[in-house]
Every structure is written in C-alpha cells, then in structure tokens.
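If you read the sequences in order, they're chains V and R.
Residue 32 in our numbering sits at position 32 of the first sequence; the count goes up by one each step and never skips.
Residue 38 in our numbering sits at position 38 of the second sequence; the count goes up by one each step and never skips.
A few of these clues could be false.
What the hints assert, rightly or not - Listed below are the simulated DSS-like cross-link pairs for lysine-lysine, each with C-alpha atoms no more than 27 Å apart in a straight line: (1) R:Lys364 with R:Lys280; (2) R:Lys205 with R:Lys280; (3) R:Lys3 with R:Lys364; (4) V:Lys134 with R:Lys203; (5) R:Lys280 with R:Lys203; (6) R:Lys103 with R:Lys52; (7) R:Lys205 with V:Lys134; (8) R:Lys103 with V:Lys154; (9) V:Lys134 with V:Lys221.
FYI, nobody ran anything at the bench for these hints, they're computed from the structure.
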Amino acid sequence: MAAIVAENLTRRFGDFVAVDRVNLRVEPGEVFGFLGPNGSGKTTLIKMLTGLLPVSDGAAWVDGLDVRTHAEQVRERIGYMSQQFSLYEDLTVSENLRFYGRIYGLEREWLRERLDALVTIHGLAPYLNRQAGKLSGGWKQRLALACAMLHEPKIMFLDEPTSGIDPVARRQLWDLLYDLSGRGITFFVTTHNMDEAERCHHVGYIFSARLIADGTPEALKTLPQVNLPGTRRLEITTPDITRTLRIARELPAVCSANIFGDSIHALVEERLDPKELEAELAERGVVIREIRPRTTGLEDVFVELTSQHQAQLDGAHA
Amino acid sequence: MRKAFRGLNAILYKEVLHIQRDRTAMVLALIIPLFQLTVLGFGIDTNIRQVKTVVFNEDGRRPSRELIDRLRNSDIFRIVAYVRSDQELNETIVAGRARVGVKIPVDYSDQLLDRDTAQVLVLIDGSDSAVAGQALNVATAIGLDESLRRLLQTRQALPVEMRPRLLFNPASRTPNFLLPGMTAVLLLFVTTLLTAVSIVREKEKGTLEQVFVTPVRPLGLLVGKLIPYLGIGFLELCALLFFMRFVFRVPIHGNPVLLLWLAVPYLFVNLSIGLLVSAKAQSQSEAMQMSMMIILPTIFFSGYIFPRETMPLPFYLVSFLVPGTYFVNIARGVILRGAGVVHLWVDALVLLGMGMGLLLLAAKRFQKKVIAT
Chain V
1 MAAIVAENLT
11 RRFGDFVAVD
21 RVNLRVEPGE
31 VFGFLGPNGS
41 GKTTLIKMLT
51 GLLPVSDGAA
61 WVDGLDVRTH
71 AEQVRERIGY
81 MSQQFSLYED
91 LTVSENLRFY
101 GRIYGLEREW
111 LRERLDALVT
121 IHGLAPYLNR
131 QAGKLSGGWK
141 QRLALACAML
151 HEPKIMFLDE
161 PTSGIDPVAR
171 RQLWDLLYDL
181 SGRGITFFVT
191 THNMDEAERC
201 HHVGYIFSAR
211 LIADGTPEAL
221 KTLPQVNLPG
231 TRRLEITTPD
241 ITRTLRIARE
251 LPAVCSANIF
261 GDSIHALVEE
271 RLDPKELEAE
281 LAERGVVIRE
291 IRPRTTGLED
301 VFVELTSQHQ
311 AQLDGAHA
Chain R
1 MRKAFRGLNA
11 ILYKEVLHIQ
21 RDRTAMVLAL
31 IIPLFQLTVL
41 GFGIDTNIRQ
51 VKTVVFNEDG
61 RRPSRELIDR
71 LRNSDIFRIV
81 AYVRSDQELN
91 ETIVAGRARV
101 GVKIPVDYSD
111 QLLDRDTAQV
121 LVLIDGSDSA
131 VAGQALNVAT
141 AIGLDESLRR
151 LLQTRQALPV
161 EMRPRLLFNP
171 ASRTPNFLLP
181 GMTAVLLLFV
191 TTLLTAVSIV
201 REKEKGTLEQ
211 VFVTPVRPLG
221 LLVGKLIPYL
231 GIGFLELCAL
241 LFFMRFVFRV
251 PIHGNPVLLL
261 WLAVPYLFVN
271 LSIGLLVSAK
281 AQSQSEAMQM
291 SMMIILPTIF
301 FSGYIFPRET
311 MPLPFYLVSF
321 LVPGTYFVNI
331 ARGVILRGAG
341 VVHLWVDALV
351 LLGMGMGLLL
361 LAAKRFQKKV
371 IAT
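Start from the sequences and build out the full structure, keeping to the hints where you can.
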C-alpha cells in the first residue's frame, strides 16, 4: 500500500484553480521532495493531504485513509511541520513536547519513553529547559520535528523545513530525515533547494497548479523533453551575464539558454563545439571566461520544463 | 461525549503555563479594572448638590435675607454671587458662572406684611436636565414650605405629611448604586478581551494551525482556553468586590458567596463572547475593536447608568439581549437589596443558556476550519 496517493486532486478558490488534477503516488519510507515556485500550489496540496483544506475534486488517500471522510484518523497518523515556526515560544522545549504528547493522548509511561527517545534522536537534551523562542533556527526546526513525531506518525509532511536556517543545520536536518526514513517513515518535504532535491528518493515539480514532473532525480534528468536528441548542454561563464544571455539566445544553434547563479546554461545543437560557440560569441563582442560541457542537473530539468510549460500556457491563451 | 472534548487537558496545561510565564500581563489585567473602579467610584456623584446660584436681592430687608438663608441651607444651592441688576443676573447665567438665578423683588417684605402674594423669580439653566429638575423641585419646595410656615402660625401641625424612606440606600450614596453595576462592565471588559486575544494571537503566530493538524476537537480547544480565564475572571470579581466593600464601604446586604456563584454563568457568557470574537477576528487589533462593539452596548443598555425603565420600547427590548442586564440585576439584587437565589435564579439561568449557545456557535465556527471529522 502506498503511503500517499492523489488522484486528480483539485482545489479551487472561486474561479482560481490552486491545484489542478494532480496524480501522485509516494511509497512508504520514501523521501519525497516537492518543488515548485511560490504560489504554484505546494502549500494548498499539503493542506488537502493533511485535512486542513477540503478537496474540491478528485481524491486522496494517506496511509490508506480517504482524507475527505477520515480527516481525524488521518491526523492521528501524520506529523506536520508548517513553514513558519509554530510552537509556543514562551514554553520551554520540554513543555512544548509534553503539550503535544497530551494532545495525542499518549499514556504517561509511553510518553516518557517517547520523550527520551526523541530527545536522544534530535539531540535536544541540553536545551530541555530553554524557552523555545530562544533557540536558534536549526534547533527550533528540530524541536518542531520532534513535536510532530511524538505520536509515531508513519508519514511526515514538512513544509520548507530548512528555510531560514544555516547550511550546517540544514545538512544535519537532512541527515536526520534520512536516518528516520531508514526506519520506515515517509517524508513529504517541500523545498526550493536543488541540493536537497537531489538527495530525495523521489521528486515532484508543480508549476501553475499542475504537477509537471514526477520521478526519481535520475529519471527526470534523462527525460527526453529535457534532453532533446542531437543536443548537448554547455555552461558559459562570463562577466557580462545579461548581455551574453541575450546574444546567445539569438544564435540559431542555441535551443535555449538560462541563467544559473553566475553562469549561463545553454542547450545547443550537438554539432556546436564549445570552441565554435566561444568564437561566435566573441565575434559579437562578448567576453567569455570559460565554456565547458555540463551534465544535466535537476535545476536544468525544472527550468526547461517550466519554460516549455509556460510556452504552452501562453499558446493556449493566445 | 468525551471525544468531543478531545485535547482539553493538553490545552489547559499549556494555557496555565502561558499565564504563569506572562505574569505581568495578568497582573495588569487584574489591576486596571481596580484602577477604573477607584477613579469612577470617587469621581462620579450623580446626586445634585451645591448648584451655583446668583442672587439679585432688590429688597434687602430681613424677610428677604431669611429666604436666602433657607435656600443656602438646603445644600442644593451654593450662592456664588450677589448682583445689583436684572441684566447682571442674566449675564451671570449666560456666561455659565451660575446655573440658577434668584431675584427677590423690591416689594417682597411689603407684600408679606400686607398678606398679599410675594413673588420671587427663579431662573434655571435648562441645559442640564438633571440639574434643572432638581433645582426646580427644591426651589418650589422651599417656596411652599415658607408659605406654609407663614400660614400655619395659628395651627401648629400639618394636616398631611408624607414620610418617604429610601430603602437599601438610605443616604442615597452614588457608589452604592453605581459600583455593583460597574463590576458587570469591568468583568466583561477583562474576560472578553483576554480570551479573544489569547486565541487570535495563536492565529497570528501560526500555532493554531499546528494544533489543527492534530486530532484536537473544537470543544476541547475552546473549553481548555475557557477554564483558566474563568479562574482569572473569578479572581477579578473577588478583587472588585473587596474594593467595593472595604474602600468604598458599599454594604453587601445579601450573601457574597451567592453572588460569586451567580457570577459564574455571567463569566461563562463573557468568555464565550470572547471565543466567538476570536473565531471571526484575524488580528489582535481587529479582536479589540470587535470586543469594544460588544462592550459599548453593555454600558448603555444594561441599566448600569441609564435606567432601563425609561428607555424607548425598542431599546428596552434590546436590553434583554445584553448579558450585562442580567448581571447588573444580580449584583444590585444581592449587594443592595439582599436578594436570594429565589429572586435571581431566572437571571442566572438566562445567562447560562446564552453562554451555552455562544460556546456552541464558536465551536461550530472553528469546526469549519478543522474540516470533515
């Protein structure tokens, strides 16, 4: 049985469609990375899956339970960590934990055992008597995760768990997620970070309410619509990115070009060799620092799919 | 049934911790109403005394001076000026330096001697109806009394004498009348605001959403929030009663314990109002404004300041919908009239009913947010 299943899951707010016929299947023990631009429907989908928002159309099952009819039972089996820190800042770490323990009605003995186990796993022992509001970002997230896991949920929903925490804490949190997924817990994690996405077993990409990519990172990187036959991917480093991008896009042999950080990734016809491209650009007065071949990354996949999808949407509107 | 209140003990545990952590806010919440009680209790006196009066005594002989002394001795009039012309008399009243002008004509003493009718002009500033009414009554009464005294020189006793006695508040002290009602308003203020803000703050911080993804039921959440604030409201009531009794010396004729018991349904209504406000409001400032909208009608319609009996019919009917009305009646009943549970159980029952209704309404509103159970 799959941990999470969505079938044509749809949510409308008036005329606006926030989530449009999403089909999804997440297996038990998977770390599922859910990506997409802000406002594309990520949080809405999570809210439907956790029973916080009614479903407009379609259906979804979490741990085999229909979220439309069994929201309360679903809530007993899932853990949820929202985008913003949402524990009580004036309560101490151990008080927050105890509060959630009581909410789930855990028995005294069992609660004590769970608390001990979680405090060990999450390394919270030194902070038990500190007020939650006085913890640093990374520790707040660990506490939130521990609170959400007290009742031993099989499925965890984490909405941007690493936003606003430092890289070290981010790495530690991901190590922890992997450790826990190894124990059979399924994670549904939203993120904007490509490194994090690369670490997921399974990623989905939502754009403009539609799920436009769904698969393992490797499978997505080899998608035919991302790697057009007879093309290759090149990375161009230049001090003058915006002008180079404009000029590169005008070249007939360049299929697409996009900015990634301080370089440009271009999909070019296979016959075009890096030396030739450099020569062509130099001819047009562009200073090039380096051009080298590049293997397709997840970010390339998402950027490519987004622009193709955007073109389709624009076409449909026109 | 137990399931409907799921999460109650967890919320209760946490709420008590919040209150312990935020002790300054709680102390302020308790002290501010006491401060208001003190200011209003000392400041407001609805009995009219010492009305500023200007006198134009054109006569000046002994009988006219006697009349002026009688006015002065009534405690209602305080003579602030003597003038020498009609114009000055008018001027003083227009300028607001006096509210009452008394003119004794030049022939006052002569008329009395001739056993004719001596006329005294009394001008009253009608811009404050309460002052004007009282001045009018007392001036007329003094005139009548003076007439009787002169007529009854042969027969020494009055044929009829009315002997009014003010029950419950013989000295007609304002605090006795005002403070029991004021407890209703002050309690409403504190309890409604505290509960409303405590939930709306959770909305603002996102902690409520986190609680909603757990199996907590709306009634568990709301009742868990309600119980600690019921305790605070109760503490507040005790403090108010203590101040009323020992600082303002308002005698409590009935049983104070009964009053505390009957206050529970009233506190319950107020807290439920606070919960309902918090279901609707999205921010703390919105919650404050909405609470004020509830508090103002209580001041006007509960009979705390303005007697309900003199209200136009539609307003009188509205007053039945205001919970404060019932508690003002309970508080005055127990404190001033020494009423017992036999006289007041209907009011308590109405309040209990209102509280239940409002609580269920609030639970329903929250239910919509925690969908499909």
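Hint-by-hint comparison with the structure:
With a C-alpha separation of about 12 Å, the suggested pairing of lysine 364 (chain R) with lysine 280 (chain R) holds against the 27 Å cut-off. The hinted pair formed by lysine 205 (chain R) and lysine 280 (chain R) meets the criterion: a straight-line CA distance of about 16 Å does not exceed 27 Å. A threshold of 27 Å between alpha carbons decides the hint, and for lysine 3 (chain R) with lysine 364 (chain R) the separation of about 16 Å falls inside it, so the pair holds. Simply put, lysine 134 (chain V) and lysine 203 (chain R) have alpha-carbon atoms about 21 Å apart, close enough for the 27 Å limit, and the pair holds.
A threshold of 27 Å between alpha carbons decides the hint, and for lysine 280 (chain R) with lysine 203 (chain R) the separation of about 11 Å falls inside it, so the pair holds. For the proposed pair lysine 103 (chain R) and lysine 52 (chain R), the alpha carbon gap of about 15 Å is at most 27 Å, so the pair holds. The hinted pair formed by lysine 205 (chain R) and lysine 134 (chain V) meets the criterion: a straight-line CA distance of about 16 Å does not exceed 27 Å. The straight-line distance between the Cα atoms of lysine 103 (chain R) and lysine 154 (chain V) is roughly 95 Å, outside the 27 Å bound, and the hint therefore fails.
Taking the CA atoms of lysine 134 (chain V) and lysine 221 (chain V), the gap is about 42 Å. The hint is violated against a cut of 27 Å.
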